[in-house]
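Asker: Here's the letter readout for the chains.
Protein chains: 2
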Amino acid sequence: MITVLSGGTGTPKLLQGLKEIVDPSELTIIVNTLENDYFSGVYVSADIDTVLYTMSDIINDEFWYGIKDDTFITHERLNELGCPELLRIGDKDRATKIQKTLLMEKYGLAKACEIQTKDMGLTCKILPMSNEQSDIKIITDIGELEFHDFLIKYQQEPEVLDVQFSEVSPAPGIIEAINNSDAVIIGPSNPITSILPILSLEGVREALKNTYVVAVSPIIGSDSVSGPASKFMRALDIDVSSVGVASLYEDFLDNFVIDTEDENLKDEINQIVNKVTVTNTIMNSLGAKKNLAQTIINNIL
Amino acid sequence: MITVLSGGTGTPKLLQGLKEIVDPSELTIIVNTLENDYFSGVYVSADIDTVLYTMSDIINDEFWYGIKDDTFITHERLNELGCPELLRIGDKDRATKIQKTLLMEKYGLAKACEIQTKDMGLTCKILPMSNEQSDIKIITDIGELEFHDFLIKYQQEPEVLDVQFSEVSPAPGIIEAINNSDAVIIGPSNPITSILPILSLEGVREALKNTYVVAVSPIIGSDSVSGPASKFMRALDIDVSSVGVASLYEDFLDNFVIDTEDENLKDEINQIVNKVTVTNTIMNSLGAKKNLAQTIINNIL
Chain A
103 MITVLSGGTG
113 TPKLLQGLKE
123 IVDPSELTII
133 VNTLENDYFS
143 GVYVSADIDT
153 VLYTMSDIIN
163 DEFWYGIKDD
173 TFITHERLNE
183 LGCPELLRIG
193 DKDRATKIQK
203 TLLMEKYGLA
213 KACEIQTKDM
223 GLTCKILPMS
233 NEQSDIKIIT
243 DIGELEFHDF
253 LIKYQQEPEV
263 LDVQFSEVSP
273 APGIIEAINN
283 SDAVIIGPSN
293 PITSILPILS
303 LEGVREALKN
313 TYVVAVSPII
323 GSDSVSGPAS
333 KFMRALDIDV
343 SSVGVASLYE
353 DFLDNFVIDT
363 EDENLKDEIN
373 QIVNKVTVTN
383 TIMNSLGAKK
393 NLAQTIINNI
403 L
Chain B
103 MITVLSGGTG
113 TPKLLQGLKE
123 IVDPSELTII
133 VNTLENDYFS
143 GVYVSADIDT
153 VLYTMSDIIN
163 DEFWYGIKDD
173 TFITHERLNE
183 LGCPELLRIG
193 DKDRATKIQK
203 TLLMEKYGLA
213 KACEIQTKDM
223 GLTCKILPMS
233 NEQSDIKIIT
243 DIGELEFHDF
253 LIKYQQEPEV
263 LDVQFSEVSP
273 APGIIEAINN
283 SDAVIIGPSN
293 PITSILPILS
303 LEGVREALKN
313 TYVVAVSPII
323 GSDSVSGPAS
333 KFMRALDIDV
343 SSVGVASLYE
353 DFLDNFVIDT
363 EDENLKDEIN
373 QIVNKVTVTN
383 TIMNSLGAKK
393 NLAQTIINNI
403 L
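The listed protein sequences derive, respectively, from chains A and B. Just so we're aligned, residue 103 is where the first sequence starts under our numbering, counting upward by one. Just so we're aligned, residue 103 is where the second sequence starts under our numbering, counting upward by one.
Treat the hints with care, since some could be wrong.
[Said to hold, decoys possible] Derived DSBU-like pairs: lysine-lysine, alpha-carbon spacing no greater than 35 Å straight-line:
| no. | chain 1 | residue 1 | chain 2 | residue 2 |
| --- | --- | --- | --- | --- |
| 1 | A | LYS213 | B | LYS239 |
| 2 | A | LYS170 | B | LYS208 |
| 3 | B | LYS368 | B | LYS311 |
| 4 | A | LYS227 | A | LYS170 |
| 5 | B | LYS255 | A | LYS220 |
| 6 | B | LYS121 | B | LYS239 |
| 7 | A | LYS121 | A | LYS392 |
| 8 | B | LYS220 | B | LYS239 |
| 9 | A | LYS170 | B | LYS170 |
| 10 | A | LYS227 | A | LYS311 |
| 11 | A | LYS213 | B | LYS208 |
| 12 | B | LYS255 | A | LYS213 |
| 13 | A | LYS208 | B | LYS208 |
| 14 | B | LYS208 | A | LYS239 |
| 15 | A | LYS255 | B | LYS220 |
| 16 | A | LYS208 | B | LYS255 |
| 17 | A | LYS255 | A | LYS170 |
| 18 | A | LYS255 | B | LYS208 |
| 19 | A | LYS255 | B | LYS121 |
| 20 | B | LYS368 | A | LYS208 |
[To be verified] Just a sample of chain B residues kept apart from chain A, beta carbon distances all over 12 Å, derived:
| no. | residue |
| --- | --- |
| 21 | GLU122 |
| 22 | SER127 |
| 23 | THR173 |
| 24 | THR198 |
| 25 | ILE254 |
| 26 | GLN258 |
| 27 | ARG307 |
| 28 | LEU338 |
| 29 | VAL345 |
| 30 | LYS368 |
| 31 | THR379 |
| 32 | GLY389 |
[Claimed, not checked] Simulated restraints, written as ranges between beta carbons of each label pair:
| no. | chain 1 | residue 1 | chain 2 | residue 2 | range |
| --- | --- | --- | --- | --- | --- |
| 33 | A | PRO274 | B | THR225 | 54 to 60 Å |
| 34 | B | LYS208 | A | PRO274 | 32 to 38 Å |
| 35 | A | SER271 | B | LYS220 | 58 to 64 Å |
| 36 | B | SER271 | A | PRO126 | 53 to 59 Å |
If you are wondering where the hints come from, they were derived from the structure by calculation, not from laboratory data. For each residue, glycine too, the CB sits at the ideal point set by N, CA and C.
The whole structure should be built from the sequences, with the hints applied where relevant.
Answerer: In structure tokens, the structure reads:
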């Protein structure tokens, strides 16, 4: 059994490779829920849906959001009506969100994800990190912003001064999944807004200390491979480098995968983590994703 | 100024004709809200939307529900996901419902309708009968049913024993609209589930007594022109005929429009209502709708 900690786009890319070389029934994916919120009357858990769609091979892997070849009839009509949606929700994608909203209001988010995972014919487990509604605020030079406003409305442009998020309880099964795993993979997701929220859950860091943990760095050189990770790290006074990421995971990390471009950092990171694996971490093809996944699996077994 | 009391499909058919011969800015349409409820996460006020779409010339006038030539991508995907919708909501129609839900939760239903009416470029006024959530139960030989379950899931088949609905307060502007009108038209909608709920609002019957009221009978012979009106009338021990309908409106009705087929009932109805107008009430073409509307207008002026 392997547990994967996942967020926005970096980890789903890795999952696309991992699912080709590991039986998906051996995978439990714990997904960040910090950015979940209601939009257009439906509950949007974008990171969970991205994992659902990735594992179902229907992900729009241009944006790592929504369903491939989806239409946007309702979305465009809302624009015409003068009621634009902040999130661009496709027509098929909206069905997932409607179903999840109805299931969640009846059974809670974790059970809703379990039902949807089965409905889509998947054998992996997808666990939201928490059943509780959480909240993340980005403190910027133009004021306090909601996460999606920062990301979409302000195009990640304001300077980030701080990131604050609410404390929530872990969803049932999270700690058990980690404890029962042969290894935990922390994907190359944003360490501040995707991974730290999972690590902050009560009992998670303790459980990780007792499990073999391999993490993939989302940083190459002094910048994030994609997304605003570097902005958030800088705001929290964390060195924007693989060294900085390693320091965040120091207390439980067993193996850190960094890009070949960062080979020069190996000795410095070795002072933080026992084992450092150097390989190509840029996942610009299915082959590259499978290679990275295979390297990780070789290190686990 | 003319106020129209409207429900499901009969009155919207008449509105399609009326809007061609009266300046829509002279029309206020008070719409039944008793059947409104949440479906698939959005607030569905089907009767209001049918009026909105009819006045905008985009109504699907095969079903008198939804938008003409709409697509059903989200609806069909929900079926595939094993989460079928009771109501068949089209993709463009869903945008109307999403907008109304968001506006209603912020401003209340009446204001939401006012905004949507303007957004669609309409000059008429569309007033929901109430801002309050109401409830209608159909007591049948197979038990108590929700209105939409009776209508769609059970295809109006069970025998109706009683109809019960909750008391709600009139939305702001209802009584004023009636008081300020030269005449009120009660369309050929279901008298029990569409018109009686409006008549039951505090102050409505009093206001109608002081205004010239013309009603169109939804019954020809001993059956309703469309829909389950006759079933509901029978359950409440009301004679299923134009005579029975006239008796429901007896205390305020000034002019009752019945179909030529019912000309033999004229004398009997004349004992209930001062004036009886006999004309073709079957609206099977735009011409027929305009003719019926013109006959009503000629009787008002």
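Asker: Given the hint that B:LYS121 pairs with B:LYS239, does the C-alpha gap stay at or below 35 Å?
Answerer: holds (33 Å)
Asker: Decide if the proposed pair is consistent with the structure: A:LYS227 and A:LYS170, CA atoms, cutoff 35 Å inclusive.
Answerer: Since the Cα atoms of A:LYS227 and A:LYS170 sit roughly 22 Å apart, the hinted pair holds (cutoff 35 Å).
Asker: If you draw a straight line from the CA of A:LYS255 to the CA of A:LYS170, is it 35 Å or shorter?
Answerer: The hint holds at about 23 Å.
Asker: Keeping to a limit of 35 Å between CA atoms, is the pair of B:LYS255 and A:LYS213 held or broken?
Answerer: Satisfied, since the Cα-Cα distance of roughly 27 Å is no more than 35 Å.
Asker: Does B:GLY389 really sit off the interface, with its C-beta more than 12 Å from all C-beta atoms of chain A?
Answerer: holds (32 Å)
Asker: Run the C-beta distances from B:ILE254 to all of chain A and say if the shortest one exceeds 12 Å.
Answerer: holds (18 Å)
Asker: Measure nothing beyond the straight line between the CA atoms of A:LYS255 and B:LYS220; if it is 35 Å or shorter, mark the hint as holding.
Answerer: holds (27 Å)
Asker: Assess, step by step, whether the Cα of B:LYS208 is no farther than 35 Å from the Cα of A:LYS239, and give holds or violated.
Answerer: It holds: about 23 Å lies between the C-alpha atoms, which stays within 35 Å.
Asker: Please check whether the beta-carbon of B:THR198 is more than 12 Å away from every beta-carbon in chain A.
Answerer: violated (7 Å)
Asker: Has the given pair, A:LYS121 with A:LYS392, been kept, meaning a C-alpha gap of at most 35 Å?
Answerer: The given pair, whose Cα atoms are some 9 Å apart, holds under the 35 Å limit.
Asker: Is it true that the CA of A:LYS255 sits at most 35 Å from the CA of B:LYS121?
Answerer: violated (42 Å)
Asker: Can you confirm whether the C-alpha distance between B:LYS368 and B:LYS311 stays at or below 35 Å?
Answerer: OK: B:LYS368 and B:LYS311 at ~22 Å, within 35 Å.
When each numbered hint is compared with the structure, violations occur for hints 19, 20, 23, 24 and 35.
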